[in-house]
Amino acid sequence: MLDTILHILVPIAIFTFIAAFTLFAVYAERKIAGFVQDRLGPMETGKYGSLQTIADILKLLQKELITPSLADKILFRIAPIIIFVAVFTGFAVIPWAKDFIPANTHTGLFFIMAIISIDALGILMAGWGSNNKYSLLGSMRAIAQMVSYEIPVGLSLITVVMLTQTLNLNEIAIGQGILTNGSIKFLGFWEVNEIGGFFAWNIFQAPHLIVTYIIFFIATLAECNRAPFDIPEAESELVGGFHTEYGGIQFAFIFLAEYAMMFLVSMLGVVLFLGGWNTPLPNIGAIRLADWTTGLAWGIFWTLTKSLFIVGVQMWIRWTLPRLRADQLMSLCWKVLTPLAFICMAISAIWRILIIA
Amino acid sequence: MIFKTASHAFRTAIKGLSLTVKHLFGARRSRQELNIKNDNYFDRQEGIVTVQYPAEKMPIPEVARYQLQVDIDDCIVCDLCAKACPVDCIEIEAIKSPEAIGKTSDGSVKRLYPAKFNIDMAKCMYCGLCTVVCPTECIVMTNEYDRSSQKLTDLIYGFSDMTDEQVAQRKAEWTQFQAEKEAAKQK
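Chains as they are written, first to last, in the UniProt record's numbering: chain C, 1 to 357; chain P, 1 to 187.
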């Protein structure tokens, strides 16, 4: 009985978090966009425009749901649900703190890769179901992009898994801090089990993981369909891409999925490369900073801080770099990221044999 | 080849990102210099440029051409402004007076009553020609520019200060004067 209640409460908590995060992130995004362009961003709704996104969501909730008369009604209706659920389910296997994880499975990473691929299906359903040329073009681009970029993402995940030897995200995170049972070596030679802190993070355990993380970051940016890889939406050429025909709560769900995806990939990157819920502060002699800043509340705090920082970087990049052309997008994926990821994977294999084992 | 491309892309991306982050942190301040006439106007390149309009305003040039204003006491109802107007937005109706009504502030003698002096600001193209031709300089352009309204007819500004009774009375006076003159001629 208690289990059943917990199984209901956890998704509700995660959904609440995603909704709150989206409201905050949209506001932050608009403010960052404003500041980068020497503007002020929203200023009129509430103090410094702080109620802007609440006003936006209230507007969206009140709107009528319009289905185009020639749309494929079933696909059109269920597409936003599939898009959102695919991303939402991904949160099930990501740890927030030590053993504080909705579902502690041994195939967590594989599960995430599998479930996020369904997002592409939802986008194709939305584009096809809308029966609109812009939507269809947008979703075709989205599919081409998401399927291509899944390869560098997958390869960079394998690069990490080769070193950690586990697909369980909870164990991957444990292996990057003072709570581990195995041995952690900073850059492969300096034992840092006692020191912990950022020295123990995966990207510093093996230096090629820095390159891998950059590949992972760029590729997941494309997976989220965010600028500079936002050609599926491309407001200036495709109206709104695959969500052109959506309005009201359906549009809100597509939007929610986009921001949830941003947070999900940031959190995944944090868990795999940046120490997960482990503290960045090392133990220095008698000053046990790492010991003091480890625990359930601290774990959640560090996960949130790191993930929000990465989300901030995503927004910063969005308002800096111009959108890539479709052919540039493909050549970046196939000619640069994929070969680099393969090289990193090879280095990982050699690292595993020569340095760790 | 791939490393060269990748590192070049990386370097250029860093360049752009450092530029935007500079502006992001520069946004803590607002640009103070709003007056373009100041010498250092173009030196201030950092900070927010937004002018939050109703709360703060930019200084406007002295010779700026905005809303028209007529000082009806100085008007001699010569109709020159209406004739000069390229878009015919000024509508004047005059009533003749039997004797001089008075003098304007620059000494011109007024002989006509302005029964109607309407300017349709919705039609006005802000060329300022009417202010140039005015002999008594009673029609001027002010620095007032925010006069938007919900109704188009609100943009027709009436400057005549005569009531309907006064108009009727002046008309009657003139008709009577004409009649008297006619009668004097008959004798």
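It should be emphasised that the hints constitute simulated quantities derived from the structure, not laboratory data. Quick caveat, the model's predicted, so the values are computed rather than measured. Mixed in with the good hints, there may be bad ones.
To be verified - Here are the computed lysine-lysine pairs in the DSSO-like style, where the Cα-Cα straight-line distance is at most 30 Å:
hint, chain 1, residue 1, chain 2, residue 2
1, P, K185, P, K96
2, P, K4, C, K335
3, P, K22, C, K47
4, P, K15, P, K4
5, P, K57, P, K83
6, P, K96, C, K59
7, C, K47, P, K57
8, P, K22, P, K110
9, P, K15, C, K335
10, C, K73, C, K59
What the hints assert, rightly or not - If the Cβ cut is set under 7 Å, some of the chain P residues that face chain C in the computed set are:
hint, residue
11, I14
12, G16
13, L17
14, T20
15, N40
16, I48
17, V49
18, T50
19, P54
20, M58
21, G158
Stated by the list, open to error - DEER-style ranges, computed between Cβ atoms:
hint, chain 1, residue 1, chain 2, residue 2, range
22, P, Y145, C, W334, 51 to 59 Å
23, C, I118, P, T12, 31 to 39 Å
24, C, T67, P, H8, 43 to 51 Å
25, C, Y48, P, P61, 29 to 37 Å
Using N, Cα and C, we set each Cβ at its ideal position, and we do this for glycine too.
Okay, the hints, checked on the actual structure:
1. P:K185 / P:K96: Within the cut-off at roughly 20 Å; holds.
2. P:K4 / C:K335: 12 Å, holds
3. P:K22 / C:K47: Distance ~25 Å between P:K22 and C:K47 Cα, so the pair holds.
4. P:K15 / P:K4: 17 Å, holds
5. P:K57 / P:K83: 35 Å, violated
6. P:K96 / C:K59: 61 Å, violated
7. C:K47 / P:K57: 21 Å, holds
8. P:K22 / P:K110: Between P:K22 and P:K110 the Cα gap is close to 65 Å, so the pair fails against 30 Å, i.e. violated.
9. P:K15 / C:K335: 23 Å, holds
10. C:K73 / C:K59: Roughly 24 Å between the alpha carbons, so the hint for C:K73 and C:K59 holds.
11. I14: Status violated, d = 10 Å.
12. G16: With Cβ-Cβ at 5 Å, under 7 Å, it holds.
13. L17: 5 Å, holds
14. T20: At 4 Å from the nearest chain C Cβ, P:T20 passes the 7 Å test, so the hint holds.
15. N40: 18 Å, violated
16. I48: Where the cut-off is 7 Å and the nearest Cβ of chain C is about 6 Å from P:I48, the hint holds.
17. V49: 5 Å, holds
18. T50: 5 Å, holds
19. P54: Violated: closest Cβ of chain C sits about 11 Å from P:P54, beyond 7 Å.
20. M58: 15 Å, violated
21. G158: 35 Å, violated
22. P:Y145 / C:W334: 51 to 59 Å: 57 Å, holds
23. C:I118 / P:T12: 31 to 39 Å: 35 Å, holds
24. C:T67 / P:H8: 43 to 51 Å: Since the Cβ atoms of C:T67 and P:H8 sit about 48 Å apart, the hinted range of 43 to 51 Å holds.
25. C:Y48 / P:P61: 29 to 37 Å: 32 Å, holds
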